[in-house]
Amino acid sequence: MPASDFSRRRFLGTATVAGLGTVVLSSCGDSDTGSTDGRGRTVVEWWNIQTTQPSKRLWAEQAKAYEKAHPDVRIKLVTLENEAFKSKLTALTSSNKLPDLFHTWGGGVLKQQVDAGLVEDLTDSVKPWIDDLVPVSKEAYQFDGKLYAVPIDIGGVGFWYNKALFKKAGVATPPTTWSDFLDTVRKLKTAGITPIALAGKDKWPGMYYWAYLAMRIAGVDGMQKAAEAKDFTGDDFVKAGEHIKELVALQPFQKGFLGAAFSGPTGEAAQMGNGKAAMELMGQWAPTVQAAEGKGIGNDLGFFPFPSVEGGKGKGTDVFGGGGGYALRKGAPKEAIDFLKFFMGAESDSKLVKAGVLIPINKGSMGALTDPYLKAVSDMLNASTGFQLYLDQAYPPAVGQEVNDSVAALIAGSKSPEQVARSITQVAKSQ
Amino acid sequence: MTSIQARDVRRDIAKEPSGVSADSRPRMRRLRDWLTPFVFTVPALVLFCLLVLTPILYALYVSFFNWGGIGSPSDFVGLDNFIRLFDDPVFLGDLSRGGMLVAFSLVLQLPFALVMAVLLNQKLRGRAVYRMLFFAPYVLSEVITGVLFSMIFQPDQGLADKALGAIGLDGLGGLWFAGQGSVLPTLFLVMTWKYFGFHMMLYLAGLQGIPAELHEAARLDGAGAWQRFRHITLPLLGPTIRMTIFLSVIGAIQLFDLVWVVTQGGPDHHSETMAVTMFQFGFKRYQVGYASAISIAMFLISLFFALVYQRFVLRRDTEGALTNMRATR
Chain A
1 MPASDFSRRR FLGTATVAGL GTVVLSSCGD SDTGSTDGRG RTVVEWWNIQ TTQPSKRLWA
61 EQAKAYEKAH PDVRIKLVTL ENEAFKSKLT ALTSSNKLPD LFHTWGGGVL KQQVDAGLVE
121 DLTDSVKPWI DDLVPVSKEA YQFDGKLYAV PIDIGGVGFW YNKALFKKAG VATPPTTWSD
181 FLDTVRKLKT AGITPIALAG KDKWPGMYYW AYLAMRIAGV DGMQKAAEAK DFTGDDFVKA
241 GEHIKELVAL QPFQKGFLGA AFSGPTGEAA QMGNGKAAME LMGQWAPTVQ AAEGKGIGND
301 LGFFPFPSVE GGKGKGTDVF GGGGGYALRK GAPKEAIDFL KFFMGAESDS KLVKAGVLIP
361 INKGSMGALT DPYLKAVSDM LNASTGFQLY LDQAYPPAVG QEVNDSVAAL IAGSKSPEQV
421 ARSITQVAKS Q
Chain B
1 MTSIQARDVR RDIAKEPSGV SADSRPRMRR LRDWLTPFVF TVPALVLFCL LVLTPILYAL
61 YVSFFNWGGI GSPSDFVGLD NFIRLFDDPV FLGDLSRGGM LVAFSLVLQL PFALVMAVLL
121 NQKLRGRAVY RMLFFAPYVL SEVITGVLFS MIFQPDQGLA DKALGAIGLD GLGGLWFAGQ
181 GSVLPTLFLV MTWKYFGFHM MLYLAGLQGI PAELHEAARL DGAGAWQRFR HITLPLLGPT
241 IRMTIFLSVI GAIQLFDLVW VVTQGGPDHH SETMAVTMFQ FGFKRYQVGY ASAISIAMFL
301 ISLFFALVYQ RFVLRRDTEG ALTNMRATR
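Which chain is which? The protein sequence lines are A and B, in order.
Letter by letter, the first sequence follows residues 1 to 431 of full-length UniProt numbering.
Letter by letter, the second sequence follows residues 1 to 329 of full-length UniProt numbering.
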């Protein structure tokens, strides 16, 4: 049937060309320039992680306020939950499609993005006003003397405790040394109270224990030296692991802690917020999340710094913490910097501080801090004798994750303190 | 219309070049026979290459590098990533956990689905309702299932422990997802809840295809219920069963969403699967080279299983269904 072959061939030719054409055309429609909306306003896409109130409302309010003063700019808020934000940003980083303005915790992740040439150098463009901000807050975003993000918040980690439960267990004052601390745990346990809430599923809350113990034993300098030498096998770090083993042996955590997340109705914060556990080692955001996920324990909530370790080189006043800031993708509209100037100006910062969602960064807004919990953390930071950035942010992501993972294994009982030190060193050396 | 077309074609034939010698014509035709189906599949092939083949080949390429995922890969390490796989307790654990899930699925989940299908194939009041109820979990998204069951299996405070406590069986409750020993069985329980309905539906469809006369004849010959099931239902359901085994195994190898939502592979890697490990290294640690090596390993395992299974098990079912190009002419 050669007759039909001919018409078929003609049809095929058309179909093939059309098919290929679609593929070629669709690959052309991808350009990265136009960031104006229908009304000709410059659009600044602003990725933040403010999912809880009142921050969520305030962030939107500040964006609106800026838009009102600058009718030619549109601030487009994209609000994501912490973990969702991290994985989404990772994907965008590898495809070089970062949003204009995005949340960053500084340290290793930001350094990688900077090294890849994805982040705008802000050193010169923020010079006129950056000195209004507290110097220590900028540390996490500076590499080789250049600034790559504007800090909006700084905080630190310490123990949040339930005063009523401590009283019930006969603990009069919060512990100041590690052996005191273990005694406190024993007393709480005897009184039938869950001493500590821990989110084993999320891993990073467990890492805080190892990091603080390492800081107290090796000192902030020792931590820095280990990070530079990529060697965490020293005695000090093994000792930190051994102290965790001591703590774990007392079975201080809530039932099923290995499966618990930090947030969520059954997580670590909810345990504290519902008065079911006496302590958690957590950053300054703890009271807000406790109240959001649980009922909140109001005035029963207290704060004490991580206890010092007998014979350690670190001081009890060294603080482990970090903050948040906003970085700009390379080539982001200049309006984004102007918006940051507005957002972190004394007036705006005071408003955010007054609402109790941030610790003041602008020197002009220090007086606005009235929240007793944030004040406790702020006081600890102001009196700090040394500062260590969160390990999973200070180190390259692989090392940070290995610390989290190894310490989680140590707490679960499947790795020894020596193995933890060795695993972390091994990953650090491979970077 | 048709007559005009036919006339055109006839004219075209007349215009065909006369230089073509008689003996080259069959060869031309053979070439054309080969080319025609190929050209027909071009649009699909282009898409397949762009969306399936290219990523696989790129992952293979990346797996030979120590690469952080930013910029282009430059630190060539050869087979190091693959050698590391066999040294990695987490990956080796993934293999044994995957094997366990496959075994659980084949020994418990599929037989359970089959029993339910046979029961629901009988005349039964409200059987459509039962079928719908059992199939419903399959429609639910993995994420919703995960969130739901992490609440139900919350130690002490969850529905499962409360319900067990209310009927005096407190001892049966426990850590569920939070225990290193209990997490995998709990996960399997949820998987069964979610997927057995799907397999049951396939079996039901298969059962409908078995002629009632066969059962009737067997009954007349004095065969009991078990004999009828063993010698009529089971053999005739063979193709369906072999298909569900295939789907079940491939599904277990690639399990990700449910685990990620419920445990993220924890506690202490006791529920981690290959896909979760791959995600951890690719998107948490930025070790994209190693993550790619894991994905290639996953691909090879799935491919090996699929090929072997097709060759030795499914062949019987597809025999005769495949046609030879020449034969159709």
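Among the clues, some could well be false.
Taking lysine-lysine pairs in the BS3-like style, the calculated list, with each CA pair at most 25 Å apart, reads [as the list claims (entries may be wrong)]: (1) Lys313/A <-> Lys163/A; (2) Lys167/A <-> Lys146/A; (3) Lys341/A <-> Lys64/A; (4) Lys163/A <-> Lys86/A; (5) Lys162/B <-> Lys295/A; (6) Lys276/A <-> Lys162/B; (7) Lys255/A <-> Lys162/B; (8) Lys295/A <-> Lys245/A.
These are computed hints drawn from the structure, not numbers from a lab.
Keep in mind that this is a model prediction, so the values were computed, not measured.
For each hint, the structure was consulted:
no., hint, in the structure
1, Lys313/A <-> Lys163/A, "violated (30 Å)"
2, Lys167/A <-> Lys146/A, "violated (49 Å)"
3, Lys341/A <-> Lys64/A, "holds (15 Å)"
4, Lys163/A <-> Lys86/A, "violated (35 Å)"
5, Lys162/B <-> Lys295/A, "holds (21 Å)"
6, Lys276/A <-> Lys162/B, "holds (18 Å)"
7, Lys255/A <-> Lys162/B, "holds (15 Å)"
8, Lys295/A <-> Lys245/A, "violated (32 Å)"
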